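Trainee: The primary structure of each chain is shown beneath.
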Amino acid sequence: MRIFNRVVVVLLLAGLFVLGVFGVIYSFDLLPGYRLAELPQTLGLSQVYDGAQGVVSDVENGTLTEIAFLVLVGVALLGLILLILELKPPTPRRVELQKGAYATRSAVKNQVLAAADQAPDAINSSARVKARRGPGAKIKLKAGVRRGEDLRAARSRISEQVGEYLGTAGIPVNRLKVKVSETDPRSGGGSRVN
Amino acid sequence: MEAATYGPGEKVSGVVVTPEEVQVHVVAAYPLPKPIPELAQDIRERVSPKVGSRGVTVVVEDLEMNDEPETGQAVVT
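Those protein sequence lines, which keep their order, are chains A and B. By the working numbering, the letter at position 74 of the first sequence is numbered 74, and the numbering carries on one by one without gaps. By the working numbering, the letter at position 58 of the second sequence is numbered 1058, and the numbering carries on one by one without gaps.
Keep in mind that the hints were calculated from the coordinates and are not lab data. These numbers come from a predicted model, not from an experiment. Take the hints with a grain of salt, since some may be wrong.
What the hints assert, rightly or not - Sample of chain A residues lacking proximity to chain B, with all beta carbon distances greater than 12 Å (derived):
#: 1; residue: N5
#: 2; residue: V10
#: 3; residue: L16
#: 4; residue: V21
#: 5; residue: L39
#: 6; residue: L43
#: 7; residue: L78
#: 8; residue: S106
What the hints assert, rightly or not - One-sided and incomplete, this derived list gives chain B residues near chain A with beta-carbon spacing under 10 Å:
#: 9; residue: V1016
#: 10; residue: Y1030
#: 11; residue: L1032
#: 12; residue: L1039
#: 13; residue: S1053
Backbone N, C-alpha and C define an ideal beta-carbon position, used for all residues, glycine too.
For reference, chain A alone in the conformation it holds in the complex (with noise of 0.2 Å):
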């Protein structure tokens, strides 16, 4: 988000300058045979005049193509959508363990790996975690186990001990979501998922 806000800026901050250097030249008729009212033709916009022109006759008039229409309807939820994700405010990089005392998600998510590691279920182990505003981590922890395991009693006890693990060491979990996957220990693929 930050990338395309930055993207966003530049255009338009680029954009305005030429505006405003092109409206410098014709205002104050620095260049003879300028005229304010060929802006738009100079600057190869009246293309695009014409078209705003009409979609704004077309509203006013109430005669919108569905396109067009569906065309607005996407633009202001885009519009809405953008200005809720510019207001809420930034996900953490850190995870809270308590007011005052952090602990990065590498640490966390090395921390996951390691209880994984511990249980007897788990063969290969891989995380995800995100820190959340507020204390615990939101914790994505995918495992695998052989072939012939029962699925469901081994993300239980893999979450488990993970938990517990992690309870130990005084990092709080918001929300700790378990994956396993059948695995062949030989090649490392998988294929039943629960």
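Guided by the hints, dock chain B onto chain A, whose structure is given.
Mentor: What follows is chain B alone, placed relative to chain A:
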């Protein structure tokens, strides 16, 4: 990004001082003698009297396995 404070002629690693707070970045050694929040609280209690009105924030950067007999230390990164 390294957590450090640059002073005249020296760099203090693991400590970030801002007008509002002092951040202490540590690597805790495993096995832990007590839960991480309690370790963080110990650090806060030791640092708080020395930083005036600034708040103290403890950031655990990592937990490392410690093979040495003396365990449970918090090492400033």
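Trainee: Of all the hints numbered above, which does this structure not satisfy? Sort the numbers upward.
Mentor: Hints 8, 9, 13 contradicted; others consistent.
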